[in-house]
Amino acid sequence: MKNHLNYPRRKEILSVFLISILTISIFFTSQQLKSQIALSPYYLTSLLLPIPIMHYIYFKDHNRINSLIGRLIQDTALIALTCLFLFIFLRMNNILYKIGSIPNLITIITLWAIISETLFTVIYSIFHLTKKK
Amino acid sequence: MSELYKILGILFLLAYNAALFDYYRKNENYPIERYKILNESSELKMGDFQSYEEIWSSSAAVIDVGLALVKNPILEAKAIIDRHESWYRKAYRESEELFTHEVYHVKLAQAIAKDFNKRINDYKYDGKKIKSRLSLHKRKLNQLQSKYDLESNHSRNKTMQNYWEYKIDSMFNQDESYELFNNVLAFFPEKPSVNYLIYHNDTFLGYSLKKKEIEFTLWDLKETYLDTLMIENWSVNFLGNQGLTNIIINYTSSHPNAILENHSEDSLTMKIFKDKLLIDKNNRLYYARYSYPNNSLSDSIYQKMGNQYFNSIKIDSN
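So the protein sequences, as listed, match chains A and B.
The numbering used here numbers the first residue of the first sequence as 1 and each following residue consecutively.
The numbering used here numbers the first residue of the second sequence as 134 and each following residue consecutively.
Keep in mind that a hint or two might mislead.
Unchecked claim - In silico SDA-like cross-links for lysine to any residue, where the CA-CA straight-line distance does not exceed 20 Å:
| hint | chain 1 | residue 1 | chain 2 | residue 2 |
| --- | --- | --- | --- | --- |
| 1 | B | K407 | B | S445 |
| 2 | A | K34 | B | A152 |
| 3 | A | K60 | B | A152 |
No wet-lab data here; the hints were simulated from the structure.
For reference, chain A alone in the conformation it holds in the complex:
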C-alpha cells in the first residue's frame, strides 16, 4: 500500500518540479529575448505549452491521460511551486517590485494556469469527441 501511494507521488512531484522550472525558464528567456530583439507580441503564447507538456508526461508515465480532478490537483501543485520558485528568485535578486507583490504573483500564475488548463481541456475534449465519432 505504502509503495503504491509513494511511487506515483514522487513521479508526479518530479514532473511538477520540472514543469515549474521549465515555465520560469520560458518566461525569463522570452524576457531576455524581448530586450535583445524585436519579438511578436504573441510570444507569451509559448507559456501555454508547459501545462500540456505536464499532462503528456503523465500520459507517458501511466499510459492514460489524467482525469480532470487529477489534472486540477497537479495544476494546483504547479501553481504553488511556481509561485514559490519565482518568489525566491525575485526576492533573492531584489526584483520583486517588477511584479509588484506576492498577491500579484499568485494572481498572475493562477490566471496563467487557468487559461492554459482550460485551453488544454477544450482541445483535448474536441480531439476526444472527434476520435469517438
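With chain A fixed as given, assemble chain B onto it according to the hints.
This is chain B only, laid out in the frame that chain A set:
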C-alpha cells in the same frame, strides 16, 4: 518517463536559469537605485513609481515615502522614496490631480524632515538624541500622511485637496515670511510673484500667489485716505469696476491694522473675494485680497485659509 530523465531535466534547467540570470546581471544598463534621497528642492517624477501596480488594490497610486538619517558630513534627516514600493496605475498616468496628490505626500515628508533638521540645529541634539527623535517624527509623518489621504479622499475631495496643499506648503515654508514692502510682512505658502494693479490712471505694486482656484494678493495703495466716506466710496467703485456684486462692507475687522473689510462675489467666475484695507502708522494704505471658489459646502474651509493669510500680515511690527 524515467525519473532520471526528469532529474537531469531539472538540473539542466536550473543551470540554464543561473546562466541566464548571470547574463542579465552583466548586461543590465544603469540599474535604478531603490531609495531616492530627497533634498529640499528634489521633486517627484513619474519614473520614481518603479513597482508594478497592485492588482487587488482599490488605490490608483501608492507612494512609499519616509524619513532617514544621512551623514553628510553631519547627521541630518532626509525624506526618502522607496521606489520598489511605489506604483502608479497606467490608466491614471494622465491624471494631473492624482500626481499632484502624490507630490504633496513627498512634500509633506520633506516638510517634516526640514522641521526635524531645524530642531537638530536649534537644540544641538547629539547622535543618540537624533536617533531617538527620528522615530517620533516618523510616527508624526505617518499620522499626517493617513490624515491627508483620509481628508482629501486620495485627491477626490477637491476642496480638502486644496486645503492640504496650502497646509503642506505652509508647513514647508513656515520659517519664510516675505518682507513685501517696507515694514510689511506676510506669510504666503510659496514665494509670491509681482502683481501690478492698474486702476484708473494709477499703477500699484503688489504681490500675489495663485494656487489652483485660490489667490492671495497684497497691493501697496500708496495713497492716504483719511475720510471714512471717501474710503467706502473708493472701495465700492473699485469692486464695482471689476464687475463684482453682492458687496458687503464691514468696519469692525478683527485685524489690528484693518480699517475696513469687504465681501464681494463674481457671478461669472463663481468666486468670492475677501478684502481688507490695511493702514500703517504713516497712514499708508495696503489692500489685502483673498479669493476662492463660491461653494457653500466648502466655504468654512476656504475661509479658514483666508483667515490664516490675513492674520499673517504684520504691519509696523518693528
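(request) Take the C-alpha atoms of B/K407 and B/S445, compute the straight-line distance between them, and say whether it is at most 20 Å. (result) 15 Å, holds
(request) For the pair we were handed, A/K60 and B/A152, check the Cα-Cα distance against 20 Å. (result) 30 Å, violated
(request) Mind checking the alpha carbons of A/K34 and B/A152 for me, to see if they're no more than 20 Å apart? (result) Status holds; Cα separation ~17 Å.
Checked against the numbered hints above, the structure violates only hint 3.
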